[in-house]
Structures are given as C-alpha cells and as structure tokens.
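Build the complex: two chains, separate frames, hints provided.
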Amino acid sequence: MLLLAACDKGPTKSSAPAATVAAKASTGGDTFGAGVTLPDTVAIDKLLADPNAFKGQTVRVEGMITDVCPKRGCWFELAGAQPGQKLKFKVTDGEMVFPMDAKGKWAVAQGQVSVRELSLEQSREYAEYQAKEYHMPYDPASITQPTLLVQLDGTGAQIRDRK
Amino acid sequence: MSRSWRHWFRVLHRDIGYIAVALTIAYALSGLAVNHIDDWNPNYKFASSSFDLGPIPDGPLDARAAHVVATLGIDRAIVRGHFQETEHELRVFMVEGQEARLDLRTGKGTLKTLSTRPVLFEVNALHLNNLKGVWTYVADVFAVALMFLAITGMTMMKGNRGLAGRGKYFVGAGLLIPLGFILYMYS
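Protein chains in written order, with the numbering used here: chain A, 1 to 163; chain B, 164 to 350.
Chain B with its partners taken away, still in its complex shape (with noise of 0.2 Å):
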C-alpha cells in the first residue's frame, strides 16, 4: 500500500528534526548572545588588578620592561614582547592575551587577563561560521534543512487544527511580525 505525501513528510520531519536538535540548540544559544554584543563580549571574559610597582628605573625600554616584569614575577617564558604606547606609558604582552599595562614614570598600572566563555565561544565559531571551510557546507545543508523543517511543520496537522485551519492565521501572524520591523526600517 503506498503511504501519502503526508506520511513520508512526517518521517522526515520527525527524523530530520531529531538531527537538527544539537545545531539548533547551538544557534540559538550563539544568537542570544551574539544578539548583545554592545553590551557584552560574547567570546572572552576580561579582568584586570591593579598593581604599584614604583617608579621605573630610567634606561633602554629593553631594560624598563624586564625590571616591570621580573618585579611582577611574570615568567619570561610567558613574555611576547612590549610597546611604548605613550611617552610614559608600556605595555607588556604574555600568552593567552594578559597584558600589563603601566605608567613609567609611578610604576601603577593593571594586570589585564583574557579568557574564551566556554561553550559560547565554541558555538559562536560555528554559528558565525569562523571555522569556513567544509563547515560553510554544513551550515548550508543545515539551513536548507531548517527550511524543510518548517514547511513539513506546516503539514503536520489536518483539519480545523492544520495549515488550511487555524493554521494559516498563526503562519500569517508569524509573517507579520518581521514584516512589521522590515516596514518600521523603511519608513
């Protein structure tokens, strides 16, 4: 017996959907908080201590900047290098984006640490697509599967409760609302 149009929708559904779960948890998680980026950094938590180490000792900024950092306790093998920012200001650079930053001439300045917000960065990569590459195909059969899923969606019900019912109110209320913000971006 052949199985309708409907049937092989819901399987698909069904299946396709179970398949989507992860990435579209992922997505959505990613554009929350891609959503608020002037208010936060989505990928890397900062923090900073404030240090007073005293004058720098005049001499070659060569100098200067390993005093800063043997009087800090920094492990010169964490060390990159410095910048001279201002006339009076240094700026040292270690692993993993620390920084200390100070003024030469009192020796106060910060301790500035950087670290990746676990799990946002991650689904971050993939949902702005950062890693490109083979993801960029990924991420494109998700998208097209996310459209068959909210079509097939559409289908799922007969009747008063399906797309031909109360359906195609909640379908048209659900295009208003963008269209409503795409007509306020015009006007």
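Chain A with its partners taken away, still in its complex shape (with noise of 0.2 Å):
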C-alpha cells in the first residue's frame, strides 16, 4: 500500500478554515490549522488494516512524525506501529505549513480519509511522479500490483516534542 501525495496534489475537498499560525496550544505543542476537537484516536495500523471502512469518516490519528514536505511544508507522515507503516496527512499547499524539523516529534492529527484505487499503469506514473518531485531514484518494475492511495486530508493537528 502506498501512502499518497504531492505537494500540487492537495485534497479536492477540504472544510479547514483559513489556518492559523501555529500557536502555541494549552497541551504544550503548536496547533496548526483548525486543531484537533475529536476526543478519540483512531490507530492507525487499524485504519490501514481497513481504509474503505473509514473512507470518508474524519477521524484522529496521531503518532511520530516521519518525514515532511521538504518544498512547501504541505505533508507530514505519521507512524504506525508496524515498520514501515506510514500514513500522510495532507493540507492544501499554503493551509498549513509544517516544518521540516517536526520529524520525530509527535503529532495529533484530524482529517477525512481519504482513499484512491489505482490501475497499475496510473500507479508506476504516481511512483515515477513522486521519485522525480523528491529526487529519489525510480524503478519502474519494482510496481507490480496496483497501488491504493490512503492519506487524511488534514483539517488540522497539533505537534509537540513528546508523546
């Protein structure tokens, strides 16, 4: 399974509001865009375990952050419990703006689930697409089955240094 997105790539639907800077929020972290209001969080090995029965549904997630939007700051990966278990939390392009030094800080995120199928040819153009914008190397043989894209797009979320 393989997690989506660019950064010209940004969720078709979204209902965040105009962000906000990332303030400092009463648990201690910084609270970007709408924040986070729903109480419970979903696991995210659960929700890659089963993405269509989420599909649509906004829901919490949180976990270590993994990696970020090294252009616009527009993604950030959270971890899952599983290695290599990753799921992408996606803004618009200049909704919120993420760091780059936020990997391995803790994240607490809200958004709707967002699920996409693609046909195996669609799937090795996103692979060559994403190698060529992130500068990584591309084997177009190493796409064999066809690729389903999961990610949150993300209304809002809160980073801190720790769990």
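Calculated directly from the structure, the hints in this document are not laboratory data.
A quick note: this is a predicted structure, and the numbers were derived from the prediction, not measured.
Heads up, some of the hints might be wrong.
Claimed, not checked - Calculated cross-link-like contacts (lysine to aspartate or glutamate; reagent style EDC-like; alpha-carbon spacing at most 16 Å):
id, chain 1, residue 1, chain 2, residue 2
1, B, K295, A, D101
2, B, K275, A, D101
3, B, K295, A, D45
4, B, K275, B, E259
5, B, K275, B, E252
6, A, K132, B, D201
7, B, K208, B, E285
8, B, K208, A, D101
9, A, K132, B, D202
10, B, K275, A, D67
11, A, K55, A, D45
To be verified - Covered stretches of chain B, going by a simulated chain A footprint (3 or more residues, C-beta under 8 Å):
id, stretch
12, 234-240
13, 244-256
14, 289-296
Positions of the beta carbon are idealized from the N, C-alpha and C atoms, including for glycine.
Encoded structure:
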C-alpha cells in the first residue's frame, strides 16, 4: 500500500478553515489549522488495515512524524505501529505549513480519510512522479501491483516534542 | 493656493514608496527564491555525511537504536525517537531535523542535517503568508499600496514623457508580456 501525495495534488475537498499560524496550544504543542477536536484516536495500523471502512470519515490519529514535505511543508507522515507503516496527512498548499524540523516529533492530527485505487499504469506514473518530485530513484519494475492511496485530507493538527 | 491632484499623487507616491521599499525587496527576493522551487529548496539547506558502524547487534529495536546513538556519539538528550523504515533500515530522529539512517545488517548509513537559509526562510514566510493572522492584513495593505504606486507612478510626468506621450506605449508593452503568456497558456 502506497500512501499519497505530492504538493500540487492537494485534497480536492477540504473543510479546513483559513489556517492559523502555529500557535502554542494548551497541551504545550503547536496547533495548525483548526486544531484537533475529536476526543478519540483511531490507531493508524487499524485504519490502514481496512481503509475503506473509514473512507470519507473524519478521524483523529496520532503518531511520530517520520517525514515532512521538503518543498512546501504541505504534508507529513505519521508512523504506525508496524515497521514501514506510515499514514500521510495532507493539506492544501499554504493552508498549513509544517516545519521540516518536525521529524521525530509527536503529532495528533484530524482529517478526512481519502482512499483512491489506482490502476497499475496509474501506479507507475504516480511512483515516477513522486520519485522525480523528491529526487528518489525510480524503478518501474518495482511497481507490480495496483496502488491503494490512503491519506488524511487534513483539517488540523497539534505537534509537540514528545508523546 | 490649492494644490493639484498631481502634486498629491507625487507626495503620496514618494512617501508610500519609501515605506514600501523594504517589503518590496523582501517579496522580490522571496519571489526569485520560490520561482525555482523545483530546482532547490528555498527554505532549507541539507547536508549529509556517511558512517559505517559495522553490523548492529541483534536485539529489540530500542536497544539497537540506543546502540546506534551511543556508537555515533550522539547526545541522548537530542534524540526524539526512531522508526523502522523497512526490515533492515532504521531511522533515528534528532532535534532540528537531524536524522541518522542506516542499514542494520551492515551498519552503513548517513547522518543528515538540516538548517534554515538565513534571510530567505524569513522573507519566504512573509511572502507566502505562512504566518497568517494579522500578517494577512499587513500583506493586504501592502498589495493595495503597490497598486496605488503603480497607478500614481503613471502620472508622475506630463507631456511627451508622460502617460499621454510615450508612457502609454511602455504601459502597453508591459501589459503585452503577461498577456502573451496567458494566451499561450490557453492556446
């Protein structure tokens, strides 16, 4: 399962209000966008195990940030419980800007679950685009199955130093 | 004696122009930087160095990460956490975006560091309105001021050197350049 997104492929539907500057939240972290309002967290591994069950739902997730969009700060990835397991949290460019030094910090994020099934050809095109965009090696032969793109179309997040 | 509208345009153009100098240069600088975002990162500088720790002893992931941190001589206080990217690849995250990434089988990896580009990071934050909030209104006022400067700028000169003279051709030429690109975009 490959997880989505490039900077120019923001969520097509977002209920995010005008973003706010990262403000100090009461929890001691920085708040982005509309912040987090849902009380209960959905485990990332549970969400990724059956993403269609959550498709279209607004959920709250949390985890350690493993990567941040290096160009526009328009997405970050959260670590799941399993090795290599990550969920992308994507916002429309400029609505929220996540700092690159957030890697390793703890994020609580809220957004709508987006699931897109790509054909094999689309999967290769997408992988090629991602590789080009982020200067990563690309081997078309490595894409052997259609890709399921799962991400949160983000409305708000809180980022703090530790869990 | 009453002053002409041209006089007041000149006064306002001059003084608002002074006020706008700093932000105009800042925005122009940022514009140059972000125009080429596909070729470089206008906000951050990256550096990396290689290391070879030898095979990392087997054990729980936490212990293996601790071994990496200790062997690399990293102060534990700056370590934020670690993540197993693949079966054999470990990533250790530190403050300020630093990261050690290595193959657990060989112990070979890279230490990446990150730093913001002085001046550019700040002017980009202003130009792209990353700050939001009150800055949005400051930027709005600045945008209106630029429009005012552009309009009043056309009235500075009278006669052959003014808008009614050769000025209109220059204004037209300035309009044709973006117009040409827009037509090309839709062709």
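Structure-based check of each hint:
no., hint, result
1, B:K295 with A:D101, "20 Å, violated"
2, B:K275 with A:D101, "12 Å, holds"
3, B:K295 with A:D45, "34 Å, violated"
4, B:K275 with B:E259, "11 Å, holds"
5, B:K275 with B:E252, "15 Å, holds"
6, A:K132 with B:D201, "10 Å, holds"
7, B:K208 with B:E285, "14 Å, holds"
8, B:K208 with A:D101, "12 Å, holds"
9, A:K132 with B:D202, "11 Å, holds"
10, B:K275 with A:D67, "13 Å, holds"
11, A:K55 with A:D45, "15 Å, holds"
12, 234-240, "violated (count 0)"
13, 244-256, "holds (count 8)"
14, 289-296, "holds (count 6)"
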